[in-house]
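Peer 1: One letter stands for each residue in the lines below.
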Amino acid sequence: MASPLRSAVDAAASALAAERARIEVAVSNLANIESTRSAEGGPYRRRDVVLQTAPVDSFDHALGRASAIGVRVAAIVEDTTAPRRRYEPSHPDADADGYVALPNVDPAEEMVDMLSAARAYQANLTAINLIRDMVQRALDLGRA
Amino acid sequence: MALDPLTGITGVLPAATSGAQAAAGSRFTQALQRLLEATEQSSAEANGRVSAMLDGRGDVHDAMIALQRAEMTLQLTVQVRNKLLQAYQEVMRMPV
Chain A
12 MASPLRSAVD
22 AAASALAAER
32 ARIEVAVSNL
42 ANIESTRSAE
52 GGPYRRRDVV
62 LQTAPVDSFD
72 HALGRASAIG
82 VRVAAIVEDT
92 TAPRRRYEPS
102 HPDADADGYV
112 ALPNVDPAEE
122 MVDMLSAARA
132 YQANLTAINL
142 IRDMVQRALD
152 LGRA
Chain B
81 MALDPLTGIT
91 GVLPAATSGA
101 QAAAGSRFTQ
111 ALQRLLEATE
121 QSSAEANGRV
131 SAMLDGRGDV
141 HDAMIALQRA
151 EMTLQLTVQV
161 RNKLLQAYQE
171 VMRMPV
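Line by line, the protein sequences are chains A and B. Letter by letter, the first sequence follows residues 12 to 155 of my numbering. Letter by letter, the second sequence follows residues 81 to 176 of my numbering.
Since no wrong hints were added, every one of them can be taken at face value.
Interface residues of chain B toward chain A, partial, derived using beta-carbon atoms under 8 Å:
hint, residue
1, Asp-139
2, His-141
3, Asp-142
4, Ile-145
5, Met-152
6, Gln-155
7, Gln-159
Negatives, chain A to chain B, calculated, CB over 12 Å:
hint, residue
8, Leu-41
9, Arg-48
10, Arg-56
11, Ala-79
12, Arg-96
13, Glu-99
14, Ala-107
15, Asn-115
16, Pro-118
17, Ala-119
18, Glu-120
19, Met-122
20, Val-123
Each pair of labels, with its calculated beta carbon distance range:
hint, chain 1, residue 1, chain 2, residue 2, range
21, B, Phe-108, A, Val-123, 54 to 62 Å
22, B, Leu-116, A, Val-123, 47 to 55 Å
23, A, Ile-44, B, Gln-113, 52 to 60 Å
24, B, Glu-120, A, Thr-137, 26 to 34 Å
25, B, Gln-159, A, Ser-127, 34 to 42 Å
26, B, Gln-169, A, Ala-85, 53 to 61 Å
27, A, Met-122, B, Leu-154, 39 to 47 Å
28, B, Leu-134, A, Pro-118, 31 to 39 Å
29, B, Gly-136, A, Ser-127, 20 to 28 Å
30, A, Ala-149, B, Leu-165, 14 to 22 Å
31, A, Asp-59, B, Leu-116, 45 to 53 Å
32, A, Pro-118, B, Glu-120, 45 to 53 Å
33, B, Glu-120, A, Leu-126, 40 to 48 Å
Don't read these hints as lab results, they were simulated from the structure. Predicted model only: the values in this text are computed from it and were never measured. Note that CB positions come from ideal geometry on N, CA and C, so glycine has one too.
Work out the full structure: start from the sequences and follow the hints.
Peer 2: Written out as structure tokens, the structure reads:
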């Protein structure tokens, strides 16, 4: 595939990987919505993906005039907001007052995150398909 | 009557053109060679990506993009080969 289109596809592919990471994190947030114990102690803490631009390795980039810039996951950080508290004295992890500290996960927020990540994934797939069609059309030039 | 003098001409043309012809020929062969190498390389990469995906080490989209790239490179190679063959046949049909 021609080099400029190649870097464009690489950029879109990096976005696909980043959106997949966002979905993974949203899914793990949803999965652990009731987890009162974690490896670090205390309830599970909601996690968030931090994205960062990542130059696509190309000749143009080496020359300092890259047109395609990819994205990568810079970090997965924990949400530091306070855990939810629910009165449930019978729970084994309840404190002296009978309150259980639950993860600071809001299902609605996770659903919105997941939807937006899925839409972004689709958008990048569409971009890749568009580039594929362009290359295909260019190859059709030779078919005359 | 002897026809000897004509034989002297044959030595001139090859000496003048063979160098350039060989260079042009090798350049084209090199280009074709590189195209074939690119095809080979992209298909090997696609192969690697697909097996990585099957092993759970890679993403589906990476495998698909690698496959798509391999297909595009193959199509380009086939197009170049078609054009080459077409040009050859054109020359062969040329009335002399």
